[in-house]
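K.L.:
Start from the sequences, fold in the hints, and give me the full structure.
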Amino acid sequence: MTQMLIRNLDHDIKEGIKARAALHGWSMEQEAREILRSAIVKKRPQEMGLGSWIASRFADIGLEEDLPEIRGQFIEPVDFTE
1 MTQMLIRNLD HDIKEGIKAR AALHGWSMEQ EAREILRSAI VKKRPQEMGL GSWIASRFAD
61 IGLEEDLPEI RGQFIEPVDF TE
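All the letters of the sequence shown, read from the start, carry residue numbers 1 to 82 under my numbering.
Just to be clear, a hint being listed does not mean it is correct.
[Said to hold, decoys possible] Distance condition first, Cα-Cα at most 25 Å in a straight line; then the derived SDA-like pairs of lysine to any residue: (1) K14 / S27; (2) K18 / E47; (3) K18 / E31; (4) K14 / M4; (5) K14 / Q3; (6) K14 / I40; (7) K18 / V41; (8) K18 / Q3; (9) K18 / L50; (10) K14 / G25; (11) K18 / I40; (12) K18 / L36; (13) K18 / Q30; (14) K18 / E34; (15) K18 / M48; (16) K14 / E31; (17) K18 / R33; (18) K18 / L5; (19) K14 / T2.
These are computed hints drawn from the structure, not numbers from a lab.
P.N.:
Structure, rendered in C-alpha cells:
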C-alpha cells in the first residue's frame, strides 16, 4: 500500500472528515481513503475499445459522407526509381 501526506488542509475539511469518520465508526484515515476511493471510482469512464474511442474522439468534426471501401481494389505501390 502507498502512503500519502496531505499538507495545508483547511481546519474545516479536517473537522468534516473527523465528523464523517465518527458517523461511520472508523478512523479519519479510513474515512479519507473511502472519500478518495469513491471520488475516483465514480468518475472513471467506461472502458471502451480503441476503435470506439477513436470514433468518439472524432465524432464532432463534421464528416458525414461515407468513405469508399478499398477492399478488392489494387493499390499501386509508390515508384521511387526516378
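K.L.:
Compare the structure with each hint and give your call.
P.N.:
The hints, checked one at a time:
| no. | hint | verdict |
| --- | --- | --- |
| 1 | K14 / S27 | holds, 12 Å |
| 2 | K18 / E47 | violated, 35 Å |
| 3 | K18 / E31 | holds, 8 Å |
| 4 | K14 / M4 | holds, 15 Å |
| 5 | K14 / Q3 | holds, 18 Å |
| 6 | K14 / I40 | holds, 20 Å |
| 7 | K18 / V41 | holds, 22 Å |
| 8 | K18 / Q3 | holds, 19 Å |
| 9 | K18 / L50 | violated, 43 Å |
| 10 | K14 / G25 | holds, 16 Å |
| 11 | K18 / I40 | holds, 21 Å |
| 12 | K18 / L36 | holds, 15 Å |
| 13 | K18 / Q30 | holds, 10 Å |
| 14 | K18 / E34 | holds, 13 Å |
| 15 | K18 / M48 | violated, 38 Å |
| 16 | K14 / E31 | holds, 11 Å |
| 17 | K18 / R33 | holds, 13 Å |
| 18 | K18 / L5 | holds, 16 Å |
| 19 | K14 / T2 | holds, 21 Å |
Checked against the numbered hints given earlier, this structure breaks hints 2, 9, 15; the rest are met.
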